Amino acid sequence: MTIPADLRYTAEHEWVAVDGMTASVGITDYAQRALGDVVYVSVPAPGARVTAGEPCGEVESTKSVSDIYSPVTGEVTEVNGEVDDDPGLVNSDPYGAGWLMRIQLDEDEGEPTGLLTADEYAELTAEQED
Amino acid sequence: MMTRDEAQQGGQPRSTPLREVHERLGASMTDFAGWLMPLRYGSETAEHRAVRGAAGLFDLSHMGEIAVTGRDAAAALDYALVGQPSALAPGRARYTMICAPDGGILDDLIVYRLAEAELLVVANAANTAVVLAALTDRAAGHDARVEDRTSDYALVAIQGPHASRILASLTDIPLDGLRYYASHRAVVAGRPVLLARTGYTGEDGFELFTSPADAEPVWLALTAAGGADGLVPAGLAARDTLRLEAGMPLYGNELTAQLTPFEAGLGRVVAFGKPGDFVGRAALAERAEAGPVQVLSGLTIGSRRVPRHGYQVLWDGQPGGTVTSGAPSPTLGVPIAMAYLDPGVARQAEAAEGAKLAVDIRGTAEPAQLVSLPFYRRPR
Chain A
96 MTIPADLRYT
106 AEHEWVAVDG
116 MTASVGITDY
126 AQRALGDVVY
136 VSVPAPGARV
146 TAGEPCGEVE
156 STKSVSDIYS
166 PVTGEVTEVN
176 GEVDDDPGLV
186 NSDPYGAGWL
196 MRIQLDEDEG
206 EPTGLLTADE
216 YAELTAEQED
Chain B
201 MMTRDEAQQG
211 GQPRSTPLRE
221 VHERLGASMT
231 DFAGWLMPLR
241 YGSETAEHRA
251 VRGAAGLFDL
261 SHMGEIAVTG
271 RDAAAALDYA
281 LVGQPSALAP
291 GRARYTMICA
301 PDGGILDDLI
311 VYRLAEAELL
321 VVANAANTAV
331 VLAALTDRAA
341 GHDARVEDRT
351 SDYALVAIQG
361 PHASRILASL
371 TDIPLDGLRY
381 YASHRAVVAG
391 RPVLLARTGY
401 TGEDGFELFT
411 SPADAEPVWL
421 ALTAAGGADG
431 LVPAGLAARD
441 TLRLEAGMPL
451 YGNELTAQLT
461 PFEAGLGRVV
471 AFGKPGDFVG
481 RAALAERAEA
491 GPVQVLSGLT
501 IGSRRVPRHG
511 YQVLWDGQPG
521 GTVTSGAPSP
531 TLGVPIAMAY
541 LDPGVARQAE
551 AAEGAKLAVD
561 IRGTAEPAQL
571 VSLPFYRRPR
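Chains A and B supply the protein sequences, listed in that same order. The first sequence begins at 96 in the numbering used here and counts up one residue at a time. The second sequence begins at 201 in the numbering used here and counts up one residue at a time.
What the hints contain is simulated information worked out from the structure, not anything from laboratory work. Mixed in with the good hints, there may be bad ones.
[As the list claims (entries may be wrong)] If we take Cβ atoms under 8 Å as the criterion, some of the chain A residues that face chain B in the derived model are:
1) G131
2) D132
3) Y135
Model, not experiment: these values are computed from the prediction. Each residue gets a CB set at the ideal place from its N, CA and C atoms; glycine is no exception.
Please work from the sequences and hints to get the whole structure.
Listed below in structure tokens is the structure:
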């Protein structure tokens, strides 16, 4: 299982890459493995507001459906249309081609808080494996 | 020392004789009905497609095997089940059910008549204890012995259009002569098996009952023989979507103790014509007369959101039924579901034009189409 060191994570198995005021968001390798084949992903349209810790979309797989929780607060600026055409990208490349959306962080929110480091997330998933 | 049965009561799932094979293959394992089973090896969609297009290999060793033997074995099963096993010729098998006195379904089963006085009842893992208890109780007074043989058997299934030619290269019996729902003693890869032409995928295929020790060599021989023919190991996730496309019911979803075979659209399994009484006869005769209180139906969904077990079906915005099983269908490319519909809704949906039928998918009414079951029928 892959947990890139340069990303931040949520306990709900999203990853986030913060670059200046833009955050890219997806679901983790652990999440895609647990879900199995992803067949559909729904995320908010560009322009929608999302709030850290609140559900903002869903991932449908063969066996289940799961909520996507926004890791940060801000406005959705871009969604990955390729995932809409080929949801299997979430399985094959969860941290790359399978990214889900980009969010413009709110100016007054400051640095996103409550996110896990790669080490913390590795610990969390190790516990859930047991 | 603990037996495996005692270990299971302690909360640890039982392992099949193929557990290490699955772990070597990197399977995602899951606790299913008290057994540690492979859910998928890689992509369940790829496994599903392999079974439709080539062949898949399944470990079904969690299924319950109950032997019923003795001079009155078939007669005892005629009384205990809704079908008529006494009418089966040795070497033949039949899909049937065991019902409570009130007609409620306790399990769906396959009964194999191996010999005149030797029958094998294959039950769902989750229901094996219930079926064993009911059969033991119902066989009392007959010259018949009921034994749980689950631990004595491993069960390996090879399913798909290439299953026959892969298996033919490893066995001593001519498979062309083995009909659907027939079984025969055979040797596969040098090991004695009970070889049956049965399955739960909608494809041609075979189920091989082996001793626990023979399961791994048989599995490995099939894997080696089938590799060039596209054979892949397939897990329970693929098995579920395969059976759903084939319109086959699953106990706990389409079949429950609150339903009789008639509500499930499977009244044909009830053999009212057989001689003598059987458990549930009076209640089932009443149900057969009364007409259905719900109709098992097939639905496809217009969007990509998937109807799941328990979701409400809507007719003109009002409750009109309940989804029993749903999944994205790899073959059809859209979400599919089986659902119990109110008879009035089923009638109107069949007659009506326009989109009044929907499934409430987490608060949104997603338009649905009524389609006849099964969703998939294999080309012949």
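Status of each hint after checking the structure:
no., hint, in the structure
1, G131, "holds (5 Å)"
2, D132, "holds (5 Å)"
3, Y135, "holds (4 Å)"
When the structure is compared with the earlier hints, no violation turns up for any of them.
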